[in-house]
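Heads up: the protein sequence lines correspond to chains A and B, in order.
Quick note on numbering: the working numbering labels position 47 of the first sequence as 164, and the sequence is numbered without any gaps.
Quick note on numbering: the working numbering labels position 145 of the second sequence as 262, and the sequence is numbered without any gaps.
Hints in this document: simulated from the structure, not taken from any laboratory.
Keep in mind it's a predicted model, so treat the numbers as computed, not measured.
Just so it is clear, CB atoms sit at the ideal spot from N, CA and C, and this is done for glycine as well.
You can trust all of the hints, since none of them are fake.
What follows is a set of in silico ranges between Cβ atoms, one per label pair, in the way DEER data are often shown:
(1) E289/B x T148/A: 50 to 58 Å
(2) A144/B x E189/A: 41 to 49 Å
(3) E170/A x D193/B: 43 to 51 Å
(4) A227/A x R223/B: 26 to 34 Å
(5) A277/B x D143/A: 30 to 38 Å
Number of protein chains: 2
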Amino acid sequence: MGRWEPGARERLVMAAVDLFTEQGYDATTVTQIAERAGVTKSTFFRHFPDKRELLVAGQEELSRLLAEGIAEAPGDATPLETVAAGLVRASGLMGPQNREFAPRVRAAIAASTELQERDALKTVSLAAAMTSALAARGIPDPTAALASELGVLAFKRGFAEWTEGDRDANDELAGYVLTALEELRAASASLG
Amino acid sequence: MGRWEPGARERLVMAAVDLFTEQGYDATTVTQIAERAGVTKSTFFRHFPDKRELLVAGQEELSRLLAEGIAEAPGDATPLETVAAGLVRASGLMGPQNREFAPRVRAAIAASTELQERDALKTVSLAAAMTSALAARGIPDPTAALASELGVLAFKRGFAEWTEGDRDANDELAGYVLTALEELRAASASLG
Numbered sequence: 118m119g120r121w122e123p124g125a126r127e128r129l130v131m132a133a134v135d136l137f138t139e140q141g142y143d144a145t146t147v148t149q150i151a152e153r154a155g156v157t158k159s160t161f162f163r164h165f166p167d168k169r170e171l172l173v174a175g176q177e178e179l180s181r182l183l184a185e186g187i188a189e190a191p192g193d194a195t196p197l198e199t200v201a202a203g204l205v206r207a208s209g210l211m212g213p214q215n216r217e218f219a220p221r222v223r224a225a226i227a228a229s230t231e232l233q234e235r236d237a238l239k240t241v242s243l244a245a246a247m248t249s250a251l252a253a254r255g256i257p258d259p260t261a262a263l264a265s266e267l268g269v270l271a272f273k274r275g276f277a278e279w280t281e282g283d284r285d286a287n288d289e290l291a292g293y294v295l296t297a298l299e300e301l302r303a304a305s306a307s308l309g
Numbered sequence: 118m119g120r121w122e123p124g125a126r127e128r129l130v131m132a133a134v135d136l137f138t139e140q141g142y143d144a145t146t147v148t149q150i151a152e153r154a155g156v157t158k159s160t161f162f163r164h165f166p167d168k169r170e171l172l173v174a175g176q177e178e179l180s181r182l183l184a185e186g187i188a189e190a191p192g193d194a195t196p197l198e199t200v201a202a203g204l205v206r207a208s209g210l211m212g213p214q215n216r217e218f219a220p221r222v223r224a225a226i227a228a229s230t231e232l233q234e235r236d237a238l239k240t241v242s243l244a245a246a247m248t249s250a251l252a253a254r255g256i257p258d259p260t261a262a263l264a265s266e267l268g269v270l271a272f273k274r275g276f277a278e279w280t281e282g283d284r285d286a287n288d289e290l291a292g293y294v295l296t297a298l299e300e301l302r303a304a305s306a307s308l309g
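Taking the hints into account, I'd like the entire structure generated from these sequences.
Okay, here's the thing in structure tokens:
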């Protein structure tokens with residue numbers, strides 16, 4: 118975001134996660150978040166429409182990267198290889214800060230129905246973004262829908278592994294997500 | 118619900134769906150819903166905690182039936198056959214009224230982010246209920262998670278087919294859901 122205030126967005130996210138953890142999501146106001154981050158309320162609203170969006174920021178960026186990776190996969194890639202290309206591209210968005218924050222974000226979501234609903238819609242939106250990108254490559258329905266569900270599941274499982282493990286390590290999210298996707302592919306053979 | 122007022126719950130749902138369609142979800146109040154249904158506001162609150170819950174009522178019942186059907190599937194059923202048993206049981210909850218209302222419910226959800234979020238959480242909850250029930254039968258992770266996602270996808274796709282087609286017909290939801298599950302099973306062979 119704007120060069121006039123480097124880091125404000127990240128400081129707002131950190132402040133919000135801390136406040137949600139300390140006093141709960143419902144009890145936390147935009148004023149408190151801005152104050153803790155050392156910025157004005159109007160700076161908050163330059164970055165986020167409300168406090169709920171703050172925790173799921175990045176969803177549009179994730180969807181964009183998923184679609185981009187899928188569009189640019191080799192022409193002869195299988196549906197799952199195509200999904201993998203999207204997942205790798207999107208995984209690049211997640212850095213050490215996301216990894217460090219993840220347990221606190223998870224705790225805040227677990228404690229608030231409102232955040233659970235927002236998070237669920239995020240999941241559904243990511244699947245929809247992948248399905249559209251796969252369909253645009255000519256992958257037929259319902260293969261595209263199924264491949265997307267596997268992709269979302271792999272991303273969530275890989276992210277959970279990545280953020281629950283040893284967070285001092287330098288390994289990247291993409292490897293965890295691809296491992297999860299391969300596990301799901303293998304499991305699909307045992308569905309019957 | 119209570120014998121003192123037969124049909125109040127159904128009348129409330131019908132009134133709410135009509136009002137959401139006529140004037141939007143946000144503009145509709147509990148008072149208006151109760152009035153249109155010909156009941157008091159306190160009757161509304163005996164049936165639903167708020168107007169949002171009204172549209173997703175039945176989620177707990179669905180989860181319960183899914184879990185029940187899964188638990189009672191034959192011991193030698195494959196994971197997908199087990200999921201199918203849960204889906205058939207849950208499909209029994211949906212009658213002609215659900216079929217008739219579905220397009221209006223869909224329109225109301227499409228027009229409201231709040232309802233989309235609630236609906237997304239419902240989807241995630243159903244998958245979680247199935248995964249738990251499959252795990253309780255000893256189906257290992259991630260097969261249980263994958264089978265549940267296929268089950269939810271089949272339920273949604275089958276429900277969409279059932280409610281978008283010729284709604285005068287007497288055919289039941291279960292057949293549509295099983296067809297969708299079979300299509301997904303077949304598609305899983307082409308994932309690569």
